[in-house]
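Using the sequences and the accompanying hints, generate a full structural model.
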Amino acid sequence: MTTENKADTLLGFGLLVFAASCILSITGAEFSLALMLAAIIWKAASSRRGLAQAAAEFHANALVFPLALYLLSYIFSSIFSMDSAHSFTRLFTEAIKASSALLLFSAVSRKGPEKAAFWFTTGAAAAALMGVAQFAASLLHQAGGLVRAHGTTHPVTYAEVMALAMLLPLLLAQTTQGRLRKFYAAAFLTIGAGFACSLSRGPAIGLLFSLAIIFSARRDVRKLILTGLALVFIIFAGSAALSESYRARITSMAGSPRQDYTANVRLTMWKAGAAIARDYPLTGTGTYALHKVFNYYHHLPVDGKIDFSDVHNLYIQRTADSGIPGLLALLFLFAMLLRGAYLNFRKTAGPLALWGLAGFAGFMVMMVTDSSFDLPRTSFLIYFMYALSCLPVKPQIPLPD
Numbered sequence: 001m002t003t004e005n006k007a008d009t010l011l012g013f014g015l016l017v018f019a020a021s022c023i024l025s026i027t028g029a030e031f032s033l034a035l036m037l038a039a040i041i042w043k044a045a046s047s048r049r050g051l052a053q054a055a056a057e058f059h060a061n062a063l064v065f066p067l068a069l070y071l072l073s074y075i076f077s078s079i080f081s082m083d084s085a086h087s088f089t090r091l092f093t094e095a096i097k098a099s100s101a102l103l104l105f106s107a108v109s110r111k112g113p114e115k116a117a118f119w120f121t122t123g124a125a126a127a128a129l130m131g132v133a134q135f136a137a138s139l140l141h142q143a144g145g146l147v148r149a150h151g152t153t154h155p156v157t158y159a160e161v162m163a164l165a166m167l168l169p170l171l172l173a174q175t176t177q178g179r180l181r182k183f184y185a186a187a188f189l190t191i192g193a194g195f196a197c198s199l200s201r202g203p204a205i206g207l208l209f210s211l212a213i214i215f216s217a218r219r220d221v222r223k224l225i226l227t228g229l230a231l232v233f234i235i236f237a238g239s240a241a242l243s244e245s246y247r248a249r250i251t252s253m254a255g256s257p258r259q260d261y262t263a264n265v266r267l268t269m270w271k272a273g274a275a276i277a278r279d280y281p282l283t284g285t286g287t288y289a290l291h292k293v294f295n296y297y298h299h300l301p302v303d304g305k306i307d308f309s310d311v312h313n314l315y316i317q318r319t320a321d322s323g324i325p326g327l328l329a330l331l332f333l334f335a336m337l338l339r340g341a342y343l344n345f346r347k348t349a350g351p352l353a354l355w356g357l358a359g360f361a362g363f364m365v366m367m368v369t370d371s372s373f374d375l376p377r378t379s380f381l382i383y384f385m386y387a388l389s390c391l392p393v394k395p396q397i398p399l400p401d
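Note that the working numbering numbers the sequence shown so that position 291 is 291, with each residue one more than the last.
If you're looking for bench data, these hints aren't it; they were derived computationally from the structure.
Where is the CB? At the ideal position from N, CA and C, for every residue including glycine.
All clues stand as given, with none of them false.
Have a look at the derived ranges for each label pair, beta carbon to beta carbon: (1) Thr-93 x Thr-122: 25 to 33 Å; (2) Arg-346 x Ile-41: 31 to 39 Å; (3) Asn-264 x Leu-331: 25 to 33 Å; (4) Arg-179 x Lys-292: 49 to 57 Å; (5) Leu-282 x Arg-179: 55 to 63 Å; (6) Lys-292 x Phe-65: 30 to 38 Å; (7) Gly-28 x Thr-227: 28 to 36 Å.
The structure is reproduced here in structure tokens:
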């Protein structure tokens, strides 16, 4: 085996490790990114073409420019931040998240998406089983209380990544045969159960939006969609029957926002965030520095906290902490994610492209009630989805002559 082949093997291994671990383990995902970077550098150093392949992939990646703008808006707001040191300490994390979009695109363009899709589904199913086990164990020990699956993160974030993950096996179940088809169908239902056990309402709205897109685009998956929704409804209804706390959480939705505690808290956060955005339209308060002024705009504790730092709406959050330039940079990045999946779906009508199109659209809806795109776990999944859904089925990144 030549040095170039060894580097390609390492690159493929890093991609599969990332696919399997991006929901289960941040450490595993970051380790795999280091492997992919090492493999690309190794191959460039041992190849006659040097960095030509990496440069071609860099040039073909439509996220390069929007990611650069996104990071520049982050730096701009951090310079004028009310807590500049804290803002800049997070810049390294932002750089890792952005680099993941480039490394994953490069790896998938060379190795193809098929194996990565399989191992991602496997890792997501394992995370779902972990959540179901947590939920079942908690029910036994906290009868009547509000118990929620969370995997290795917060229940709402867990619900969001589960909602996006379950769309992939749903689509692949109808484009594969034999045991693989059964595997994807079972994985869809398993991940759907994990999502339901999180008992999260906001992500459910985004999931329904994604499923509506798939339902209208693909007749062959409609029965499986209805089966998955029935499973989610059974778990939600069963939880309401067993838990007085969750029953109150559900029934309060029928009343006004003031009766629904969670909705009332979010409205409070949004109003404060909007007021902050109006007062700091150009620079914002600085990335991750919202806590410095939140109490001035809302004097009472929110969820037991005074110096709140998250308004649970990504669009208001980005405007408040990074100003209008930060919001525009975010919207441009999201537009390019959607555009890439849409163009590839028009070209191929493939399941991976539809996963990206439906998933990105649903995720944008989810971010109305949360701001988890700032978390590495969520952004890693978004960029992985981009790499798989915005490239043709076979690698077609040409080398320059």
